[in-house]
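Note that the protein sequences, when read in sequence, are chains R and B.
Following this note's numbering from start to finish, the first sequence increments by one per residue and tops out at 338.
Following this note's numbering from start to finish, the second sequence increments by one per residue and tops out at 537.
It should be emphasised that the hints constitute simulated quantities derived from the structure, not laboratory data.
Ideal Cβ placement from N, Cα and C applies to all residues, glycine included.
Treat each hint with caution, since some may be false.
Example chain R residues on the side facing chain B (calculated, C-beta under 10 Å, incomplete) [stated by the list, open to error]:
#, residue
1, A44
2, Q271
3, E275
Some chain B residues well away from chain R (every beta-carbon gap over 10 Å; in silico) [claimed, not checked]:
#, residue
4, K53
5, T83
6, K174
7, I193
8, T220
9, S316
10, L329
11, K377
12, R425
13, P521
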Amino acid sequence: MHPSSWLEVNDIGLYCKPGDFYIDPMNVVHTALITHGHADHARAGHHTVYASRETLAIMQTRYGEDMADTQSEIELGCGLQFNDVTVTFFPAGHILGSTQILIEYAGYRVVVSGDYKRRHDPTCPPFEVVPCDIFISEATFGLPVFTHPPIENEINKLLHSVRVFPNRCHLVGAYALGKCQRVILALRDAGYSKPIYLHGAQLKLCDLYQQFDIDLGELIPVSEVKDKTELEGEIVIAPPSALADRWSRSLPNVRTVMASGWMQIRARAKQRNVELPLIISDHCDWPELLQTIKEVSPKEVWVTHGREDALMYQAQKMGFKARALSLVGYDEDEQGGS
Amino acid sequence: MEAFSHLLEQLYYTAGTNAKAQLIRDYIATAPDPDRGWAIAAMAGTLRFDFFKRNTVKKLITSRIDPELFAMSYDYVGEVSETVAHLWPEYTPIKPLPTLSCIVDDFASTSKQKVSATLASYLSMMTPPQRWALLKLGTRGLRVGVSARSIKQILADYGNKDVKEIETLWHAVKPPYIDLLQWLEGKVDKPDIKNAVTFHPVMLSHPIETKDIDGFSPNTWQIEHKYDGIRVQLAVNTQKVEPEKALYSRTGDDISHAFPDLLECVTGNMVLDGELLVIHNAKCIQDGMQTPEVDTFNALQQRLNKKKPTKALLESLPVGLIVYDILSLNGESLTACSLRTRRNKLERWLSLAAIPRLFLSPTLRADSPDALRELHKTVCEDRAVEGLMVKRRESTYTPGRPKGQWFKWKRDALTVDAVMMYAQRGHGKRSSFYSDYTFGAWEGDQLLPIGKAYSGFTDEELKKLDNWVRRNAVGRFGPVREVKKALVLEVAFDAVHPSNRHKSGVALRFPRIHRIRWDKPATEADTLDTIKELIEH
Numbered sequence: 001m002h003p004s005s006w007l008e009v010n011d012i013g014l015y016c017k018p019g020d021f022y023i024d025p026m027n028v029v030h031t032a033l034i035t036h037g038h039a040d041h042a043r044a045g046h047h048t049v050y051a052s053r054e055t056l057a058i059m060q061t062r063y064g065e066d067m068a069d070t071q072s073e074i075e076l077g078c079g080l081q082f083n084d085v086t087v088t089f090f091p092a093g094h095i096l097g098s099t100q101i102l103i104e105y106a107g108y109r110v111v112v113s114g115d116y117k118r119r120h121d122p123t124c125p126p127f128e129v130v131p132c133d134i135f136i137s138e139a140t141f142g143l144p145v146f147t148h149p150p151i152e153n154e155i156n157k158l159l160h161s162v163r164v165f166p167n168r169c170h171l172v173g174a175y176a177l178g179k180c181q182r183v184i185l186a187l188r189d190a191g192y193s194k195p196i197y198l199h200g201a202q203l204k205l206c207d208l209y210q211q212f213d214i215d216l217g218e219l220i221p222v223s224e225v226k227d228k229t230e231l232e233g234e235i236v237i238a239p240p241s242a243l244a245d246r247w248s249r250s251l252p253n254v255r256t257v258m259a260s261g262w263m264q265i266r267a268r269a270k271q272r273n274v275e276l277p278l279i280i281s282d283h284c285d286w287p288e289l290l291q292t293i294k295e296v297s298p299k300e301v302w303v304t305h306g307r308e309d310a311l312m313y314q315a316q317k318m319g320f321k322a323r324a325l326s327l328v329g330y331d332e333d334e335q336g337g338s
Numbered sequence: 001m002e003a004f005s006h007l008l009e010q011l012y013y014t015a016g017t018n019a020k021a022q023l024i025r026d027y028i029a030t031a032p033d034p035d036r037g038w039a040i041a042a043m044a045g046t047l048r049f050d051f052f053k054r055n056t057v058k059k060l061i062t063s064r065i066d067p068e069l070f071a072m073s074y075d076y077v078g079e080v081s082e083t084v085a086h087l088w089p090e091y092t093p094i095k096p097l098p099t100l101s102c103i104v105d106d107f108a109s110t111s112k113q114k115v116s117a118t119l120a121s122y123l124s125m126m127t128p129p130q131r132w133a134l135l136k137l138g139t140r141g142l143r144v145g146v147s148a149r150s151i152k153q154i155l156a157d158y159g160n161k162d163v164k165e166i167e168t169l170w171h172a173v174k175p176p177y178i179d180l181l182q183w184l185e186g187k188v189d190k191p192d193i194k195n196a197v198t199f200h201p202v203m204l205s206h207p208i209e210t211k212d213i214d215g216f217s218p219n220t221w222q223i224e225h226k227y228d229g230i231r232v233q234l235a236v237n238t239q240k241v242e243p244e245k246a247l248y249s250r251t252g253d254d255i256s257h258a259f260p261d262l263l264e265c266v267t268g269n270m271v272l273d274g275e276l277l278v279i280h281n282a283k284c285i286q287d288g289m290q291t292p293e294v295d296t297f298n299a300l301q302q303r304l305n306k307k308k309p310t311k312a313l314l315e316s317l318p319v320g321l322i323v324y325d326i327l328s329l330n331g332e333s334l335t336a337c338s339l340r341t342r343r344n345k346l347e348r349w350l351s352l353a354a355i356p357r358l359f360l361s362p363t364l365r366a367d368s369p370d371a372l373r374e375l376h377k378t379v380c381e382d383r384a385v386e387g388l389m390v391k392r393r394e395s396t397y398t399p400g401r402p403k404g405q406w407f408k409w410k411r412d413a414l415t416v417d418a419v420m421m422y423a424q425r426g427h428g429k430r431s432s433f434y435s436d437y438t439f440g441a442w443e444g445d446q447l448l449p450i451g452k453a454y455s456g457f458t459d460e461e462l463k464k465l466d467n468w469v470r471r472n473a474v475g476r477f478g479p480v481r482e483v484k485k486a487l488v489l490e491v492a493f494d495a496v497h498p499s500n501r502h503k504s505g506v507a508l509r510f511p512r513i514h515r516i517r518w519d520k521p522a523t524e525a526d527t528l529d530t531i532k533e534l535i536e537h
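For reference, chain R alone in the conformation it holds in the complex:
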């Protein structure tokens, strides 16, 4: 039986009928399989949640210990049975604990990739190519204009700016989960050993990363700095929403920096009054999306959230069957940790 008859997209999300479970549902459901901890994929209140150990920990950090009645930790690469459906989680390389999900039923193999990237990320194992019939791919940066430079280049831009403007507080907008920690680690790799200052919203998740033995170096909450003028020449990381907020007014002589894949487009940076855009993404750029489709080499590609049109068009040109899968609710903007 072709998966289009047993995998259904409804208002809540992607539903597997024979297994009676949802993947990354928007609303509260009985059984939810969660690919990763970003808020638009992992919501609170489901009855039973299946996810990686890290993802469960992220959800607990965000929503409390009781974020779901039953919390089942999966083991990467080991099949789980839901009625006649076998489900296996594989690494996706997106953020700490991120996974893709292989669904096997009626002789078909479907991979729901969730969000994924192919670049090296010290916080998670690399994306694994899982052969399948249908590959469901995101398309956040699904346009040929998107090519992400190496993260080292972008971090050097930041460090260069700190040297050139030693009196300015470098306020970096970075999503609290994944991006923030990746920026910190890249700074450490580049030899930056000074304390890094954090907005309150980044604290808990950074603590969690440290608990998973990811060494982020010395981190200081901005709220603990009494004399804010001490932050001149320092690096402060805050959620993107805080850049233009009243919170940032207390910082001295701010230079606004933003770490996001969107920063490649001038107008996007300009709209946010970003003075120093850093193109750092936890998603695939265009060449990596195409590389992945080639390597997975499925019979069909289903394209979801993002710029589906271009990726579908290109996949078809490459000889794959492709269709758009309009999943509701996934933020296609920077709020989703792009």
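Since the structure of chain R is already known, use the hints to place chain B on it.
The following block gives chain B in isolation, referenced to the frame of chain R:
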């Protein structure tokens, strides 16, 4: 080319005029001639030719990238140059890149057939930001938030000169401005511009005060209408071997391209100061003494900022000039003469020259302060006029705003009590403050937006308004917050025009917050009908 591209990148992402000026000054101080002069020309918009056409760029990219993917990318990015800069598939870096002036010379001398290949080879040796710089430069589409006026100020600061000196020279010197820059650095003498058509910095007026009106005496002062158009300077010399004509805005921007209808009919050797307006009988004038059929500022607005106005537009909204002063005639400067003398010369010359589209600004009479007040009242009933100008007859033409010489007496601003509907955050130092307010008037029990204002309040009031918006926000549309319809703003504005761009059908001219009516209930704000009654006809 690297330094130029780097400068543009920094300018693009830097907010604030001072910071931008600093970047440009640093560039001028370090970049060599003639590169820096070309960069100045690119930023000030004084490059004389397109290196290549936009269409050449499109053809190049669609022969290398799938046209469908290009179209989807362009749709998303919203700008051709940036889309092409990212999509260009070839990259073989060359270090260092050819200099900016090499590139300019190359395109200036390349034959039409080879332009495309030349461009392709440059694009292939550049990074995306460098490609963007080249594409913007070559199509003269550079916008880095620095006006031509600021460039002149930056040059003046760089050479420690008065900006008026730069303005006087500006239209006589040509890119790449080697003589100008070397003069600024004290290396050569000031460029000689005697025979060239140039902009003369204008003389401005002060708002009139009660004591000025009380002190009015008829023989000392010349009274004229204050027209509701734009102040321009028309500089013409058709008596030399290479005739030149130019129309400048009051800040010295060359706006000739937008008004070919006016320029093509003037001849002579003179510099005139006057008001540019849509004048329906502009073409049929005989001796400069006829009454012009003046249209509103709203009509003129459709002629402003048009790079190439269409024939139909030139026909339906012809412009003319109401001349009120003459700065030089037949090569003789008149700026040291009194207004009385200049006026005599102007009247005599204009009646003899009889140039189509040029009208003389008539003088008005008042015999006493009270008569002047009466005159002001009468004049302001005509909504096409903004008020009165009162000028000292003995005044010489002095650039800037000399005291006690010229007065403007504007019509009293109109005001309306409107209700705040939406608020948006400001920019620059106001970013994070809700400082831009959309306000509306009642139609029945519905509010319709009639305008947007972001000035007229103090910093203290801004803080209170920002706080009010945050506490009374009821919805969000992207960056725009909808607020509870409860705060009345007394809005001042200069005029109302009919408009089909707004649902309310009206558009206010220069609205600003006059007072914040914390005390007034929203239900008592004005209705749309009240505002429509103020429309000019």
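To see whether the hints hold, each was checked on the structure:
The criterion of a C-beta within 10 Å of any C-beta in chain B is not met by R/A44, whose closest approach is roughly 23 Å, and the hint is violated. Given hint, R/Q271 at the interface with chain B, holds; its Cβ is 8 Å from that chain's nearest Cβ, closer than 10 Å. A cut of 10 Å between beta carbons decides the hint on R/E275: the least distance to chain B is about 5 Å, and the hint holds. Annotated as non-interface, B/K53 keeps its C-beta farther than 10 Å from every C-beta of chain R; the closest such distance is 22 Å.
A cut-off of 10 Å between C-beta atoms contradicts the statement that B/T83 is not in contact with chain R; the least separation is 6 Å. Every CB of chain R is more than 10 Å from the CB of B/K174 (nearest about 31 Å), matching its label as outside the interface. Even its closest Cβ contact with chain R, about 39 Å, leaves B/I193 beyond 10 Å, as expected for a residue assigned away from the interface. At roughly 52 Å from the closest C-beta of chain R, the C-beta of B/T220 stays outside 10 Å, upholding its exclusion from the interface.
For B/S316, the shortest C-beta to C-beta distance to chain R comes to about 35 Å, beyond the 10 Å cut-off, and the non-interface label holds. Interface exclusion of B/L329 from chain R stands, the closest Cβ pair being 48 Å apart, more than 10 Å. Distance to chain R confirms B/K377 as a non-interface residue, since its nearest Cβ pair spans about 47 Å, more than 10 Å. B/R425, annotated as away from the interface, has a beta carbon of chain R within 10 Å; the closest lies near 6 Å.
For B/P521, the shortest C-beta to C-beta distance to chain R comes to about 29 Å, beyond the 10 Å cut-off, and the non-interface label holds.
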